[in-house]
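Construct all of the structure, not just a fragment, from the sequences and the given hints.
Taken in order, these protein sequences are the chains called A and B.
Numbering of the first sequence is given in my numbering, commencing with residue 1 and proceeding in unit increments.
Numbering of the second sequence is given in my numbering, commencing with residue 1 and proceeding in unit increments.
To be clear, the hints were calculated from the coordinates, so they are not data collected in a lab.
Some hints here could point you the wrong way.
As the list claims (entries may be wrong) - Below, a sample of chain B positions facing chain A; criterion: calculated Cβ distance under 10 Å: (1) V77; (2) E79; (3) Q106; (4) I119; (5) F122; (6) V123.
Note that the coordinates shown come from a computational prediction; the quantities given were computed from them, not determined experimentally.
Positions of the beta carbon are idealized from the N, C-alpha and C atoms, including for glycine.
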Amino acid sequence: MKEILERRYTLTPFKKEIKGLKDAFRRASLRNLDSMRKRGFRPKNISYYEEVILGEKRYEELKGFSGRIIGYFCTFIPQELIYAARAIPIRLCSGFYDTVLVCEEILAKDICPLVKSSFGFKISASSYFELCDAVILPTPCDPKKKLIEILSDYLPVWVLKIPQDKTSSSKEIWLEEIKSLKERIEDFTKTKLTRQRLEETIKLIHKRQTLFRQLYEIRRANPYLMGGRDFLLVIQTSFYDDIERWIDKTEELCKQLSKEKTHFKTDEKIKILVTGSPIIWPNFKLLNIIEDLGAEIVCDDLCSGTQSLYNLVEPDEPTTDVMLGAIADGYLLSSVCPCFIENNDRIDRVLNLIEEFRVGGVIYHSLRLCQLYEIESHRLRLILKEKKIPMLTIHTDYSQEDTEQIKTRVEAFLEMLKR
Amino acid sequence: MIVCGIDIGSVATKTVILKDRDIISKSLALTKASPKLAAEEALSKALRQINLSEKDISYIVSTGYGRRIIEFGDRTVTEITCCGRGATQIGSPLGKIQTIIDLGGQDSKVISLDEEGGILDFVMNDKCSAGTGRFLEVMASVLEERIGDLGEIALRSNNPVRINSTCTVFSESEVISLIAQGRNKEDIISGICASIAERIAGMITQVGKKESIFFCGGGARNRGIHRFLEDKLGVELYVPQEPEFVIALGASLIAIESLKKI
Ligand code: SF4
Ligand code: SF4
Chain A
1 MKEILERRYT LTPFKKEIKG LKDAFRRASL RNLDSMRKRG FRPKNISYYE EVILGEKRYE
61 ELKGFSGRII GYFCTFIPQE LIYAARAIPI RLCSGFYDTV LVCEEILAKD ICPLVKSSFG
121 FKISASSYFE LCDAVILPTP CDPKKKLIEI LSDYLPVWVL KIPQDKTSSS KEIWLEEIKS
181 LKERIEDFTK TKLTRQRLEE TIKLIHKRQT LFRQLYEIRR ANPYLMGGRD FLLVIQTSFY
241 DDIERWIDKT EELCKQLSKE KTHFKTDEKI KILVTGSPII WPNFKLLNII EDLGAEIVCD
301 DLCSGTQSLY NLVEPDEPTT DVMLGAIADG YLLSSVCPCF IENNDRIDRV LNLIEEFRVG
361 GVIYHSLRLC QLYEIESHRL RLILKEKKIP MLTIHTDYSQ EDTEQIKTRV EAFLEMLKR
Chain B
1 MIVCGIDIGS VATKTVILKD RDIISKSLAL TKASPKLAAE EALSKALRQI NLSEKDISYI
61 VSTGYGRRII EFGDRTVTEI TCCGRGATQI GSPLGKIQTI IDLGGQDSKV ISLDEEGGIL
121 DFVMNDKCSA GTGRFLEVMA SVLEERIGDL GEIALRSNNP VRINSTCTVF SESEVISLIA
181 QGRNKEDIIS GICASIAERI AGMITQVGKK ESIFFCGGGA RNRGIHRFLE DKLGVELYVP
241 QEPEFVIALG ASLIAIESLK KI
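So this is what it looks like as structure tokens:
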């Protein structure tokens, strides 16, 4: 009976074979890489990350993987639990324009591009999404909530309910969510998440997070050693790559960078902080414009970027309960996603970054139809105005058609900062 | 020292030639399909008027959306910076300029200036063309009026209609249905001007409202929009004598400054 009720309105999934989508992704990626190469100095082993982001090799590798692959969205999903079940997590938030068009064939246009693009990937049966056995989705905003419902026609979807704030009662509810997610993962993968497995994977991810921080510190000491886009490239490849290989390569990268000398005179370039809606490969349009115009993106607070490094899970003792508690706190408290009712954490973080990186101006990326970021921009704008830090807001989406207009705005903004 | 500023806008391309700091020639050409040809045409027209040739010019700054298209320029600067520079040079009888409204063909912008005339902040209209000269052009053709007459016609109305749509295409069909309903043409035109004024007023709120406002760009010639803006903002606006040349003038001034730096 329960089964029947549950299946009552399940629809036959809509699928669309689309030729050329993979080529289009490759073209979009290469366009970014071309523009990134123009910067001049880049670390030697950056080509490794370039290959990962193109995705072709990694896709084949994952296709041959015999265990479970679990997709997830946002920064709230504890990858520790997935790795502990010997499964592989893949982040599915997408920045690809062509799959937006695919999605718009069945859903309305007036939905945030990130969700349209990700869902478009699912229905066009291409990329990592196709390899996922299940998906974990949090509930930060309306498009993500309804994505849960729609995706449920296609594959098992597990929901992680995001609390509205970070108070202690919210933290309790959140911990329960994490615990039930753990059970679901155990059932699904038929793998017990033992204390020992958890401890190991917490350490593994801790190592990765430490590397994020190391890179961040290197850039803080000398922001010109590595371009902002290259930094994001390194972070975003960790969403897809084999974690141990990524750690090896990134240790190498850090070592290499700490030996490098400055490649630009200090303060030669205008230092920009990028904040706002997620910027995910291959949607590097705004970043390309900024850096092609000669400015340097020295830091960001994007959930697809620097936000990743604030989450350090450090349990006081290796018992399952304490570890789960540390995981829950780590993922909730470090987030500055605008889904929370009050988000002073984000303002604090932006102000801190401005100071630490001696930022000249802030560029706010507002994805069309992403209401949360749009609304939050108002407060930040006023606060920065008070502090006399110039901010430029760019409203855009994943298409290329407004490139020239954005260029004019950014260029004028840089001219203004140069004075 | 002879320098030149070229503003390649979406509708018109404007050129200003300076000798030392005085304007010795200026010209305007319609941009039409080729910004490149328009720039060449505008420049040679301006040169012909003073019997000079291109080699007499020591420095050219190009600006506007087509700024990168021409090959004979020495430097490109955005229209926002040029607009600020041009406006401060012209000045205003209302006192030190604090805010500039530029109503151009494809975009409109509001610029806020600091004490020294430097740019403090700016906003531009989004992708869509509502609230720009292009919008007026579309409406003028639907209403079978000349774009230059719209302002005067608007002032004759006592009862402007309300245009609800915020996008050019939708507004166009809205206007068509207003015509079909038999609404008075003056009232419709007046409503169109009011809707543009409303958009611009919204942009002014974004950068922070100031007292001394300078209004330029081709759209500043529209007295209807001018009046609605003054009503909405509750302050007088200053429109310079040739509002479409402000940006080109700014570019030519930047040309002088660039030359000095060399
Ligand atoms: S901003 Fe928040 S809701 Fe949006 S993708 Fe990032 S984590 Fe998810
Ligand atoms: S937070 Fe914004 S960008 Fe992220 S899924 Fe929600 S609406 Fe889309």
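Hint by hint, here is what the structure shows:
no.	hint	result
1	V77	7 Å, holds
2	E79	7 Å, holds
3	Q106	9 Å, holds
4	I119	5 Å, holds
5	F122	7 Å, holds
6	V123	8 Å, holds
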